[in-house]
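Given chain A's structure and the hints, the job is docking chain B onto it.
Protein chains: 2
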Amino acid sequence: MDVEVLEGVFDANERIARENESLFREKGVLAVNLMASPGAGKTSLISRTLELLGDRVRTGVIEGDIASSVDAEKIKAYGVPVVQINTGGACHLDAAMIRQALEHIDLQLLDLLIIENVGNLVCPAEFRLGEGLRVMILSVAEGHDKPLKYPLMFSESQVLVVNKIDLLGLGDFDPAELRSTIRRMNPEMRIFEVSCRTGEGLKDWADWLVRRVEEGRRKP
Amino acid sequence: MDVEVLEGVFDANERIARENESLFREKGVLAVNLMASPGAGKTSLISRTLELLGDRVRTGVIEGDIASSVDAEKIKAYGVPVVQINTGGACHLDAAMIRQALEHIDLQLLDLLIIENVGNLVCPAEFRLGEGLRVMILSVAEGHDKPLKYPLMFSESQVLVVNKIDLLGLGDFDPAELRSTIRRMNPEMRIFEVSCRTGEGLKDWADWLVRRVEEGRRKP
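Listed in order, the protein sequences are those of chains A and B.
So the first sequence is residues 3 to 222, counted in the numbering used here.
So the second sequence is residues 3 to 222, counted in the numbering used here.
In isolation and in its complexed conformation, chain A is listed as follows:
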């Protein structure tokens, strides 16, 4: 009985996610589903990315949080369209929440929509939003063993941003060990190593993202 209901929830989400996906494609918008543990640096990465993209890409942001609007307030300072979703307890965003948020964003005016998911390395990986790209962040402070413990997130994401590389050497984080695990689990995964604090590595990430946005525009 529980299982049937659960499948129902997943099916409904998939259907709405596909509708969102069609809408993004029709409007030529690359939607990025940005996922990570609490405090890994999702909002910092969005802030830094907005600075680096500048006028090259017209960007909007959806902020997902269980409660509060502290992240949306930070992002508003960059003068881009921002919508805050409060999930009211739910541990992840879902496609229906995104559809509702889209009523408050004019996709016609955007090339890129960054969706900051709830800070959680588990549940967000199970719910597609209609995104064109799934990006996850792992902070150096979290440790290099995380793919073994949260395998779905690391196998479902297409891009891994390793953040806080300014902390390398202060703990026992081993980037080579992480890369070797990722090669086994998800060999196609693109990895960027950055520090949102010092700025290191962020230009490569931003330039790559711009190319992805441009590729999307060229497609019919």
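The hints are simulated quantities; they were obtained by calculation from the structure and are not laboratory data.
Just so we're clear, the structure is a prediction, and the values are computed from it rather than from any experiment.
Be aware that one or more of the hints could be misleading.
Identical copies carry no separate label here, and so any pair may be met within one copy or between two of them.
[Claimed, not checked] DMTMM-like cross-link-like pairs, simulated, lysine to aspartate or glutamate; straight-line CA separation at most 20 Å: (1) LYS76 / ASP176; (2) LYS76 / GLU179; (3) LYS78 / GLU53; (4) LYS76 / ASP174.
Just chain B now, kept in the frame of chain A:
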């Protein structure tokens, strides 16, 4: 319909949690539900605590992970009884999982049972396990704004261990700001500031825990 099933799940969990709780009380065991984000330092805190408790307290550990047994392997090295629970995707432990794990642990031989929950600042706060004490860890690397964004975890936990204080000053973590938020949200919360890497602050935590175990023993 969904809501009814969900209430059913919560009710069933509460019932089993109360049974676990009775069992712990009967056996004079303090059960600690240890919760935190991925990489905040749950396994490190358990390791350090085992070192500091030494022979003073007979301790057992239940390790909860979605997948893998890397944490249980680490803890086994301390020569204490360890049971690994793999949730197979589930984002939190529940009372039934604990009941099942208890078939493999002789509570008669223990004073303290530390239960490491799945790395997640959201879902574990919703499911009681029958624990006598809810302890959460927040790593300095995660930022001081987390209580606003994950309010249930910070209001349901009775103890907050702030870990990685050796990283203070490297980011913008403000301990005073954190304390002020906690005072508003959960004024009874006991806060310890520690570094599992340097050992700073851990003796206070371990001594306090020993006192809690002894208080439990004195009760009828």
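Violations among the numbered hints, reported as their numbers in ascending order = none
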